[in-house]
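Engineer: The residues making up each chain are set out below.
Number of protein chains: 2
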Amino acid sequence: MAKVKKQNAFYAQSGGVTAVINASACGVLETAKLYKSKIGKVYAGRNGIIGALTEDLIDTSKESRKDIAALAHTPSGAFGSCRYKLKSLEENRAEYERLIEVFKAHDIGYFFYNGGGDSMDTALKVSQLSESLGYPITCIGIPKTVDNDLPITDCSPGFGSVAKYVAVSIREAGFDVASMAKTSTKVFVMEVMGRHAGWIAAASGLAAENEGDAPHIILFPEVAFNQAAFLQKVDDCVKKFGYCAIVVSEGAKYEDGTFLADAGTTDAFGHKQLGGVAPVVANLVKQELGYKYHWAVADYLQRAARHIASETDVDQAYAVGQAAVEFAMEGKNAVMPTIVRKNTKTYRWEIGEAPLSEVANVEKQLPKNYISKDGMHITDACRDYLLPLIKGEYFPPFKNGLPQYVKLKNEPVAKKLDTTFEIE
Amino acid sequence: MAKVKKQNAFYAQSGGVTAVINASACGVLETAKLYKSKIGKVYAGRNGIIGALTEDLIDTSKESRKDIAALAHTPSGAFGSCRYKLKSLEENRAEYERLIEVFKAHDIGYFFYNGGGDSMDTALKVSQLSESLGYPITCIGIPKTVDNDLPITDCSPGFGSVAKYVAVSIREAGFDVASMAKTSTKVFVMEVMGRHAGWIAAASGLAAENEGDAPHIILFPEVAFNQAAFLQKVDDCVKKFGYCAIVVSEGAKYEDGTFLADAGTTDAFGHKQLGGVAPVVANLVKQELGYKYHWAVADYLQRAARHIASETDVDQAYAVGQAAVEFAMEGKNAVMPTIVRKNTKTYRWEIGEAPLSEVANVEKQLPKNYISKDGMHITDACRDYLLPLIKGEYFPPFKNGLPQYVKLKNEPVAKKLDTTFEIE
Numbered sequence: 001m002a003k004v005k006k007q008n009a010f011y012a013q014s015g016g017v018t019a020v021i022n023a024s025a026c027g028v029l030e031t032a033k034l035y036k037s038k039i040g041k042v043y044a045g046r047n048g049i050i051g052a053l054t055e056d057l058i059d060t061s062k063e064s065r066k067d068i069a070a071l072a073h074t075p076s077g078a079f080g081s082c083r084y085k086l087k088s089l090e091e092n093r094a095e096y097e098r099l100i101e102v103f104k105a106h107d108i109g110y111f112f113y114n115g116g117g118d119s120m121d122t123a124l125k126v127s128q129l130s131e132s133l134g135y136p137i138t139c140i141g142i143p144k145t146v147d148n149d150l151p152i153t154d155c156s157p158g159f160g161s162v163a164k165y166v167a168v169s170i171r172e173a174g175f176d177v178a179s180m181a182k183t184s185t186k187v188f189v190m191e192v193m194g195r196h197a198g199w200i201a202a203a204s205g206l207a208a209e210n211e212g213d214a215p216h217i218i219l220f221p222e223v224a225f226n227q228a229a230f231l232q233k234v235d236d237c238v239k240k241f242g243y244c245a246i247v248v249s250e251g252a253k254y255e256d257g258t259f260l261a262d263a264g265t266t267d268a269f270g271h272k273q274l275g276g277v278a279p280v281v282a283n284l285v286k287q288e289l290g291y292k293y294h295w296a297v298a299d300y301l302q303r304a305a306r307h308i309a310s311e312t313d314v315d316q317a318y319a320v321g322q323a324a325v326e327f328a329m330e331g332k333n334a335v336m337p338t339i340v341r342k343n344t345k346t347y348r349w350e351i352g353e354a355p356l357s358e359v360a361n362v363e364k365q366l367p368k369n370y371i372s373k374d375g376m377h378i379t380d381a382c383r384d385y386l387l388p389l390i391k392g393e394y395f396p397p398f399k400n401g402l403p404q405y406v407k408l409k410n411e412p413v414a415k416k417l418d419t420t421f422e423i424e
Numbered sequence: 001m002a003k004v005k006k007q008n009a010f011y012a013q014s015g016g017v018t019a020v021i022n023a024s025a026c027g028v029l030e031t032a033k034l035y036k037s038k039i040g041k042v043y044a045g046r047n048g049i050i051g052a053l054t055e056d057l058i059d060t061s062k063e064s065r066k067d068i069a070a071l072a073h074t075p076s077g078a079f080g081s082c083r084y085k086l087k088s089l090e091e092n093r094a095e096y097e098r099l100i101e102v103f104k105a106h107d108i109g110y111f112f113y114n115g116g117g118d119s120m121d122t123a124l125k126v127s128q129l130s131e132s133l134g135y136p137i138t139c140i141g142i143p144k145t146v147d148n149d150l151p152i153t154d155c156s157p158g159f160g161s162v163a164k165y166v167a168v169s170i171r172e173a174g175f176d177v178a179s180m181a182k183t184s185t186k187v188f189v190m191e192v193m194g195r196h197a198g199w200i201a202a203a204s205g206l207a208a209e210n211e212g213d214a215p216h217i218i219l220f221p222e223v224a225f226n227q228a229a230f231l232q233k234v235d236d237c238v239k240k241f242g243y244c245a246i247v248v249s250e251g252a253k254y255e256d257g258t259f260l261a262d263a264g265t266t267d268a269f270g271h272k273q274l275g276g277v278a279p280v281v282a283n284l285v286k287q288e289l290g291y292k293y294h295w296a297v298a299d300y301l302q303r304a305a306r307h308i309a310s311e312t313d314v315d316q317a318y319a320v321g322q323a324a325v326e327f328a329m330e331g332k333n334a335v336m337p338t339i340v341r342k343n344t345k346t347y348r349w350e351i352g353e354a355p356l357s358e359v360a361n362v363e364k365q366l367p368k369n370y371i372s373k374d375g376m377h378i379t380d381a382c383r384d385y386l387l388p389l390i391k392g393e394y395f396p397p398f399k400n401g402l403p404q405y406v407k408l409k410n411e412p413v414a415k416k417l418d419t420t421f422e423i424e
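Going down the list, the sequences are from chains A and B.
Every letter in the first sequence is one number past the one before it in full-length UniProt numbering, and letter 252, counting from 1, is 252.
Every letter in the second sequence is one number past the one before it in full-length UniProt numbering, and letter 39, counting from 1, is 39.
Isolated chain A, as found in the complex:
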């Protein structure tokens, strides 16, 4: 049964940001405006859940309609996000109680939490505890992660755009290397995100539509690195196509579970150098095969690349934000809107729903049948799954040659509590 009392809502962004998480925020804010009899103000957490814990709330009603609309084409987290995982209820019940104290003080009856698996877990616990404390809060999760590792939902908003970025980038770099390979670089290595799952690396494979197209090799976290087979394939590609374009996931591992990135590069001072699997792979090729190489590490560029966002992804990110508010209005609780694939050939999708209890803390790995037999590329099944997710362009507006992204005013809400809370 839907609530009748008008209450405020709280929205927070969590974890690593994406090119489209603000499109979800836009969906939440624009939809909440349609329910003025039930939803008062929408407060946002400054720097995510930390803003709730420290009573540092942002009054989104102070933003113009135009600026809210511009969130749909602005990457990053407009209210700030954070990497702050609440402990379990047993370990730190005080945190959850504090959240509810703040929500109560600001008459917040709706909690929209935009994040990955951990965030869904937090939203679930707040829902449960608030009930037992006699101040029930409607908690709706909004899926977001470039890693595409949330269960139940067909895909996670944020993934489609990074997928498009890596596929476009390796196609372009592949063209470049192909034209120079005769006398210069023969092997190009591009490192992409994905510490635990190879979804992003897999997406680069979409660029290879015909034999010989880049990328020729993809290294996944799911497949133990086989140095001999890898070097053989690099050599074969160079001999056959004149060059070899490689995409490596930051999470690529040896058989024993060690990350390739931790191979142990040290700097001039003998300090262990952190990060960068691409140079490790490139150096290996140079040492063993002698080929001239170049490497790139896209890092944040990939997940922030709103200029080349997938239209499908932007649409879905907006839709899950919109659906979250509608779910709350329908009296639903402790659920998350999902993307349901209705058809692949002519891609159609709709919004579904999943209980937070089934989403929390479950990671969706790349299925085995999405990886080619040699472990170094994607299968047609994978291609069929991925392709619709990068479709369509939704360019931001440009001025003076640059994309125009909005910075909100982010005006604070006056504090109501005389208590403070220290973030550990």
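Please note that a few of the clues may not be correct.
As the list claims (entries may be wrong) - Using 25 Å as the maximum straight-line C-alpha spacing, the simulated DSS-like pairs for lysine-lysine come out as follows:
id : chain 1 : residue 1 : chain 2 : residue 2
1  : A       : Lys240    : B       : Lys415
2  : B       : Lys415    : A       : Lys399
3  : A       : Lys409    : B       : Lys182
4  : A       : Lys415    : B       : Lys407
5  : B       : Lys182    : A       : Lys416
6  : B       : Lys239    : A       : Lys409
7  : A       : Lys182    : B       : Lys87
8  : A       : Lys292    : B       : Lys391
Since the hints were made in silico from the structure, they are not lab data.
Go by the hints and put chain B onto chain A.
Structural biologist: Showing chain B alone in chain A's frame:
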């Protein structure tokens, strides 16, 4: 005086490719078609000048009009490029004589050479030697370099697009880091190209339109790295804005001329690791200030990024290709079309001309008054110069979410010589 005899033309791409060098090729090929009474076929060198030396010519007349037109939106070098610098006439006269032998065999009277300073030097020498050998060839240079270091011309085609890419990328990554800085990454380092000149690094500064915008710090090859001043500024930025976004040119140097990139990182096997100034700078920040960091190395992604090319750049690349043919038709020789800036406020440009003798082997450095007093950002004069060059978007066509780039058939021309030539 214009030639009357109909002769074939030879076109070659040289050095590092760009997002728009094929637009120059498109300008050459489409314009040559307008002069059928004077220009027979246009042959292209497979892999640049090597194709001429080895008599490996491509018959561009076998390509469809549609494919030629598609060159305007295709990055890389469609006929292959090479890093192959001809020695001086004194050192290797045989190479120049061989070029003229091949040109003579294929009735080539026009030589269009699309490259940087070295290539202009080669074109000049071919012009001079062909004259003295009694087989005069019209030699026209076509400017191309992402480094923007050619003299006389206001800018070099290829630069505007990489400039746009780096400005867009640091803006996007800056938004990303700003939203996460409270609990996560506080310092972001992006490495860009430019071994000898800081033009590309400077272009990133266009993204900083208001106080606090990324990038906060730019490290140029032209300014000796001042570690203390740098660290102080990083710390100031983090304290003032919550984060610090840094762009570093691959050519950034210490006072003694050593590259920062050569600071001496070694891999697990004790081998010196090549390249990557971004991790060096990031590690320095971590060690001295303790801030969490991320870094990106754009490498080839930046110069291949046709998807975010500058419209101004594409237009100018096409125009210099077109002008090269028109110059030849007007009987000019040993010249290069240039971009002449007519107005900056309301940007207007036109094609000018420079003698190859004045272009060859001269590098245009970033002027002193383009670098801010503290040596770590750009001035308004620099901004005024750069801004028009990144203006306008010229997106390639997309299909299935990916940009559609053309691969030419590149059919060989039958050899006429029974001599061969070994490339060293």
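Engineer: Go through the numbered hints given earlier and state which of them the structure violates, listing their numbers in rising order.
Structural biologist: 2, 4, 8
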